[in-house]
Each structure stands twice: as C-alpha cells, then as structure tokens.
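Peer 1: Sequence:
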Amino acid sequence: MAIHAMRSIRALTRLACGASLAVLAVSPAYAQDAAADETVASEDEIVVTGFRASLGAALNVKRESVAAVDAIVAEDIAKFPDQNLAESLQRIPGITIQRDGGEGRGITVRGLGSQFTRVRVNGLETVATSTDGASANRDRAFDFNVFASELFSSIVVHKTASAELDEGSLGAVVDLNTGNPLAGKSGFTAALSAQGSYNDLSENVGPRVAGLLSWVNDAGTLGFAVSAAYSDQKTLELGNNSVRWAQARFDSVDGAPCWTTTATSGVGVANSGGVYTNGRSAACDEVALAFHPRIPRYGEIAHDKKRLGITGSIQFAPSDATKISLDGLYSSFKHQRRERWGEVLLRSNERSINVSEYEIDGDNNLISATLDDAWVRTEHYLRKAKTEFYQVGATWDQDVSDNFRFTLLGGLSKSTASIPLETTLVFDDRDAQDYRYDYSDMKNPLLTFGTSVTDPANFQLAEIRDRPSEVENKFRTVQLRTEWDLTDGFTVKAGGVYRRFDFSSVAFTRDTVVCGNGGVDRVLGTLACSPSSAFGPAAIYGFPVTSGLSELFTLGKAGQPSGTTTEWLVPNLETGTDFTGLYNRTPALDAGNNRSVREEVTGGYLQFDAKGELGGLRYALNAGIRYVHTDQTSNGLSSGAAVTVERSYEDWLPSMNLALFPHDDIIIRAAVADVMTRPTLGNLTPGGSVDGFNYRINYGNPFLDPFRAT
8 MAIHAMRSIR ALTRLACGAS LAVLAVSPAY AQDAAADETV ASEDEIVVTG FRASLGAALN
68 VKRESVAAVD AIVAEDIAKF PDQNLAESLQ RIPGITIQRD GGEGRGITVR GLGSQFTRVR
128 VNGLETVATS TDGASANRDR AFDFNVFASE LFSSIVVHKT ASAELDEGSL GAVVDLNTGN
188 PLAGKSGFTA ALSAQGSYND LSENVGPRVA GLLSWVNDAG TLGFAVSAAY SDQKTLELGN
248 NSVRWAQARF DSVDGAPCWT TTATSGVGVA NSGGVYTNGR SAACDEVALA FHPRIPRYGE
308 IAHDKKRLGI TGSIQFAPSD ATKISLDGLY SSFKHQRRER WGEVLLRSNE RSINVSEYEI
368 DGDNNLISAT LDDAWVRTEH YLRKAKTEFY QVGATWDQDV SDNFRFTLLG GLSKSTASIP
428 LETTLVFDDR DAQDYRYDYS DMKNPLLTFG TSVTDPANFQ LAEIRDRPSE VENKFRTVQL
488 RTEWDLTDGF TVKAGGVYRR FDFSSVAFTR DTVVCGNGGV DRVLGTLACS PSSAFGPAAI
548 YGFPVTSGLS ELFTLGKAGQ PSGTTTEWLV PNLETGTDFT GLYNRTPALD AGNNRSVREE
608 VTGGYLQFDA KGELGGLRYA LNAGIRYVHT DQTSNGLSSG AAVTVERSYE DWLPSMNLAL
668 FPHDDIIIRA AVADVMTRPT LGNLTPGGSV DGFNYRINYG NPFLDPFRAT
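Mapped onto our numbering, the consecutive letters of the sequence shown carry residue numbers 8 to 717.
If you're looking for bench data, these hints aren't it; they were derived computationally from the structure.
For clarity, every value in this text was computed on a predicted model and none was experimentally measured.
The reader is advised that the hints may include incorrect statements.
Label-pair ranges, simulated between beta-carbon atoms [stated by the list, open to error]:
no., residue 1, residue 2, range
1, R117, A226, 43 to 51 Å
2, E210, I632, 36 to 44 Å
3, G280, L559, 32 to 40 Å
4, Y397, V212, 26 to 34 Å
5, G563, L667, 54 to 62 Å
Note that the Cβ used here is the ideal one computed from N, Cα and C, for glycine as well.
Using the sequences provided together with the hints, build the complete structure.
Peer 2: Put into structure tokens, the structure is as follows:
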C-alpha cells in the first residue's frame, strides 16, 4: 500500500497552576548545562529547566545495569512526535516495529516477534490487544498502539534474562512506568501540550492534546499526579495488491479450449466439467504453470482512530524508609476501518475464465492478460473496534534496616478488544468481458475493466458478512522482592510471585452467500437462484443491484498508471444491511475462535549480585535461578462440543550476567540463561477452525510445551 507522508502543524501551550511550573520541553537547547536548576527566579519569572537530568538518568540505567538494558526517559519520549509507544520503542537499538495503517503497533526484538516479548506496566505483567488489518489480536503479543507515549515517564527494555526478572520472554522484557509524583517539586505543577497533524490524503487535521497535573506537600511525604492524553486521527491508505500469486488451469487460452469432453477429443467443455490433458495445448499448459495474481485490485482503506489515556498516581512516604504507591492506568482506543475495493476474483474461478493477449515474464509470472467471463467483484467493508484497558496496582517499598529491604506489589489489569461490527457486502458480475491487467510495473499495475462497473444493472448483491467478536485478557499478580546487602559488594536477592492470566475469545458470524446451488435464496427467500453450473448474463446468483443499494467510489492518488479504471460502484452498507436484514440474522458461533485459556503461575527466585575488582579490572555480575510452576486450563469447541483440558509443567531457569569495565567509557557484557515463552494462545485450544477463503484447517494442541531456549 502507498501511504503518503503527513505535514505537521504543531503548537505548544503550557499553563501554570499554583506557585510553580515545571514544563517538559522539546528543544535541543534544554540538553545544555542545567545550571538553571540552581537559579532563583523573581516572582514573575518562569524557569524552564530542561531535561539534562532525564538524559543522564537514561544513560545511568544503561551503564549501571549488569544485564543488557536500554532505556527511554522523558526527554527521549518528548522530543519526537511519536503517535504511540511502539514508535517510541523503535528508537532503541535492536527493536523494529510492525505497522498497521501507517502507525506502529507491535515490536520485534532482535528478530523475535511480539509474542516472545513480555510487557510490564509499573512492574506488573499485562497484555493489551487491538485489531489489525485481518482480525483481533488473539495472542500474547502486546499492542503498543493502545497507548499514547505521553502517558509514560520511562520505558526500560531488558534484553537479557536474570533470575529476578519475570519469565516468559525469549526476546525482551519491556517495563513501562507512569508518573512518580514524589520525584517532583513541592506544590502544584501543571503542563499542557497541543499539536495537530495534517494529512494531505484525508485532508484532515488530527488534534493531539496531553496534560499533567501534580502536587507534592512541602515535606515531600505525600503527592499525587494525574496525566491524560487524547488524539483523533484520520488517515488514508491508497494502493493495490494482488492477494498473492497462484497457478491454475483456465477455461481457454487465445480461443483454444483447455478442457475437452475426453482426453483424446478436441471438443471443448466450457466453464465446468470436462478433462484437462497435459500436452494437448501448449498455450493452456504454459498459462496453467505460470503464476497469476489471485485478486488483482485497487482500493482505499480509511482509518479513523481516537485514543484516550489517563494515568493517576498517589504516593505516601512517611519516612525515608517507607514509600507506598497506588497507580492506575486507563486507555480507550477506538478504531474504525473502512475498505472499498474493485477487483477480479481469479481465485477459484479460473476454470470459467478465458485468457488472451497474455505475457509471461522470465520469472514465470503471467504479468499481463486480457480476461473474458471474468468474475468482477466490488467490496465495501467496515469494522468498528474498541479496546479498553484498565490497570490498578499498589507497591510498598520498605527499608527494614540499612542492609535489608523489600518490595511488595500487587494489582490487576484487564484488556477488552471488542469488534461489535465487522461487515462486508459484495457485488458480483460473474461474466464480465474485456478485463485487462498488466503488472509490467509490479508496484503500480494497470487494471482496466471492460464491462461497465458504474452501471448497477451489471451487478448482483451476492454475499453479506458480519463477524462480531471480543477478546479479553486479565492479569492478577502478587509479588514479593527482597534484597540483603551482605557486604558493600555482595547482595542476595530473593522473591516469590503468584500470577493468574485469563484469556477468552468469543466470535460469531453472519456470513451468507445469497444463492447456493440453485433453489430459493438464503437471505430473503424471494429469488429463484440458478444452479452454480449456470453461467452468463441470465444466471441469478444474487439480488439485482439498484442505485439505492449502491454508491459510486472514486479512487484517489494510488499511484495508478493512466488508463486504470478509477470509478466503480460499491455496496451502500446502510441500505444494503437494511435491505437484507443482516444485523437481525441470528449469528452462528465461530467455533475456532470461541476459546479460553487460564494460566496460574507460582514461582520464586534466588539471585546473587557481586561487584568489585579482579586484577585491577572492575567487574559486576549477577547469577541466580528462577523456578516457575504453571497450571494451565484450556477450553474450546470440538465438533460443536465443549472440551476442557488441564495440564501442568514447571521450569528451572538459571541465568548469569557479567559486565567488565576495562575503561571508564567501555563496558563489555556477557550473558547466558535458560529462557522460555509459553505456547501461542491460538495453539492451546482443544478445538479448531476451517478457513474456506484461505484453504486452511487449524486445530490446536493444549499439550504443547513452551518455547525453550538457552
């Protein structure tokens, strides 16, 4: 797809509240010496102190960690107009992102996909899911597009394992941290930022607003912070795709029939039946063995995304030895996706299509051809999706003595990705003439419809679809971490964890082909459908299209060459769904996507940290072992019956990290560990599904072992 760049119009507004104002700014000048921190301002001055401390904090996180760690803090997050967390994370070495609709969504760490990465928010593991171009996320992968980057004060990526770090990652553990009010100055602090981005395809200005309000008492023992971020963005994707390439035998090539009554007969059999004999027609064989586009098409995908995030934190530190924190996070991400396509459905219909004026390139691709009796299709698709995420967590940090301390934390989170509406209506013209495609320029092919695609009389409303669904992920966690400094250079760490993860997916379908193999139609019962073996203008396979059931679509600047058809009729979703009563139809269970998994994890760890010098060479290391026991319960549907499977497994995960400091500016790190990632959720269902469109049969195995590696 071609995605045109956006021009940005940015404005920044800041408000002062109370006696002081600390503004997080976005100018290179703020990285200079922070002497302003010591400056005493007059009553009518506003002191902008910048982020030197923030930059130093990020470097210190990387330098002081024994393991391989990267961090992004306030300065890094603020200075780029990232649309969401994924785009902030891509600035870390070794991380790439996957995009959906031009916006970052998931991450890949050193070649390992999102399902191999664990994410913690304020120390608690969680999952937030949304939808992509195909369906809802029903896996362990974390969708970072749910959150605005402004909501987080720091992001830390652990690229190597240690015993104290939560298990479940082969790639990385990502820590997302919201505000820390007691780290700020006493009194009230407020900040507001606003910006807009202009998209020259959608011709829309998308607003983006973020704000912060915090307060700390004079003693520095009690504080709160609230932040919020909102954005509204409309974007367009314009382009083409072929929906992969395939081989198949066609009805005829250059007028010569490819199918005959018998292997030795020369009498052709059109459209269906007959016998195909290799070697009888060189042209038929040549075209059959070449790869042709399955569904060549141009179209438009329109995105409407609204993102709201709110964080809140209360901290109480009655003494230097005690700090209690209560953190909350809420996010709402609404995404409407509308697609309109004009295409030829070669897939599965080659038997009735006649090929002429064709060209096969040196890579055995049927890069251009004229098609008669082509199955022309136009589609109008609309999906409305919403993700809501909640998390509440509490942390108690306690220094029991000068050399012993503990952290007790617990919390719960819930992510619900719902698709109340996922509708497609389809117009077909199954005997279109003189369709021409030319992929000589693979990026911008020429696609030309011969039969009019703006005349309702040429189309029939042939299919209606609706696929509502919902995916829910819940975490409940209680964790204890302790540290005991035996000497200045030797620390013992130990802890335990209980974590329960619940995943559930429900899905339904209202998919209906209007006409089956003859008889009365399956929607209204008012049509006398033709048998599927009937072809030609008289064949009835759907409802006659009228101007009231259709709307004219005009393709914008999609890179199409001159001569490409740029206007065609698509179904009108409002009138089409009313006419067919689509939303009143009783939905059927989508058996393969009605499933759930529960995992109860108990475990603990023991880790030894040491630092010192050996032969004049400074070193730091940690070594330890983590134990986890997993009780797994999988539920699904098999042959329409509910099936539940229970199992348990355990893992012992030793690890060691070593850092050497041959010079003040050089750190050499080495790490070794046993790691594991639990099986893909879709593979744990005891049921399965059949995908007729992509010719796939998927059945799970709840006894799959985790991915394990060293």
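Peer 1: All hints are to be evaluated individually against the structure, with a verdict given for each.
Peer 2: Each hint, compared with the structure:
| no. | hint | verdict |
| --- | --- | --- |
| 1 | R117 x A226: 43 to 51 Å | holds (46 Å) |
| 2 | E210 x I632: 36 to 44 Å | violated (59 Å) |
| 3 | G280 x L559: 32 to 40 Å | holds (38 Å) |
| 4 | Y397 x V212: 26 to 34 Å | holds (31 Å) |
| 5 | G563 x L667: 54 to 62 Å | holds (58 Å) |
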